[in-house]
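Using the sequences plus the hints, can you model the full thing?
If you count the sequence shown from 1, you need to add 3 to reach the working numbering.
Because the hints were derived from the structure by calculation, they are not lab data. Note that this is a predicted model, so its numbers are computed, not measured. Even for Gly, the Cβ is constructed at its ideal location relative to N, Cα and C. Hints may be right or wrong, so weigh each one.
Said to hold, decoys possible - Per label pair, the in silico range of CB-to-CB distance:
hint, residue 1, residue 2, range
1, A38, P124, 34 to 40 Å
2, R62, D42, 24 to 30 Å
3, T149, N170, 27 to 33 Å
4, R83, T114, 30 to 36 Å
5, A17, R83, 43 to 49 Å
6, E151, A56, 22 to 28 Å
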Amino acid sequence: MATPINTSSGSFDALYRDSARDLYAYVRTLLCDDAAAEDVTALAFERAYRRRASFDAGRGSQRGWLFGIARNAALDELRRRKRAAPLVGELPDEHAPAPDEEADLAVRRTTVRAALANLSPRDRELVALKFHGGLTNAELAAVLGTSESNAGTRVHRAVAKLREACNAPA
4 MATPINTSSG
14 SFDALYRDSA
24 RDLYAYVRTL
34 LCDDAAAEDV
44 TALAFERAYR
54 RRASFDAGRG
64 SQRGWLFGIA
74 RNAALDELRR
84 RKRAAPLVGE
94 LPDEHAPAPD
104 EEADLAVRRT
114 TVRAALANLS
124 PRDRELVALK
134 FHGGLTNAEL
144 AAVLGTSESN
154 AGTRVHRAVA
164 KLREACNAPA
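This is how it looks when you write it as structure tokens:
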């Protein structure tokens with residue numbers, strides 16, 4: 004049975020405050036376009052608000068449900084564009100590095116971007132959901148429509164591939 008999100012107590016507002024930044028980062032990673040990511044993030048929250056009565060706590064967390072809505076909205080945008088977007092993009096740095104760390108950070112960032120670009124789209128999405136979205140394995144499972152153990156295994160394998168690609172000689 005669906006357990007609606009209680010908007011009178013500010014539950015939806017709290018969901019927005021707790022998830023907006025992570026949701027934007029996830030969508031931005033999928034679309035590689037700041038403006039489109041803002042639009043899709045807003046659309047995801049709009050859809051979630053309209054469908055809040057259909058939320059079922061027995062099927063997962065509000066956050067996982069919201070990321071599922073955002074994923075579908077982002078995939079709709081990609082289909083609309085009729086092209087596959089790489090899941091590598093520029094995200095704003097929250098803390099600027101010290102000048103002596105700048106070169107090392109640039110090399111590491113380039114290495115990770117290249118490694119991400121070489122992952123399959125499915126593995127890139129897993130990495131984005133887990134690390135940009137900050138989802139738990141249970142939330143990943145709900146978004147992807149799989150079991151929690153399968154989601155954890157898939158993330159582990161994707162991270163292992165990413166690590167291997169980062170450590171491979173250039």
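Here's how the hints hold up against the structure:
1. A38 / P124: 34 to 40 Å: 22 Å, violated
2. R62 / D42: 24 to 30 Å: 27 Å, holds
3. T149 / N170: 27 to 33 Å: At roughly 28 Å between Cβ atoms, N170 and T149 fall inside 27 to 33 Å, so the hint holds.
4. R83 / T114: 30 to 36 Å: 32 Å Cβ-Cβ, so the 30 to 36 Å window holds.
5. A17 / R83: 43 to 49 Å: Hint violated: Cβ distance 31 Å, outside 43 to 49 Å.
6. E151 / A56: 22 to 28 Å: 26 Å, holds
When held up to the earlier numbered hints, the structure conflicts with 1, 5 and fits the remainder.
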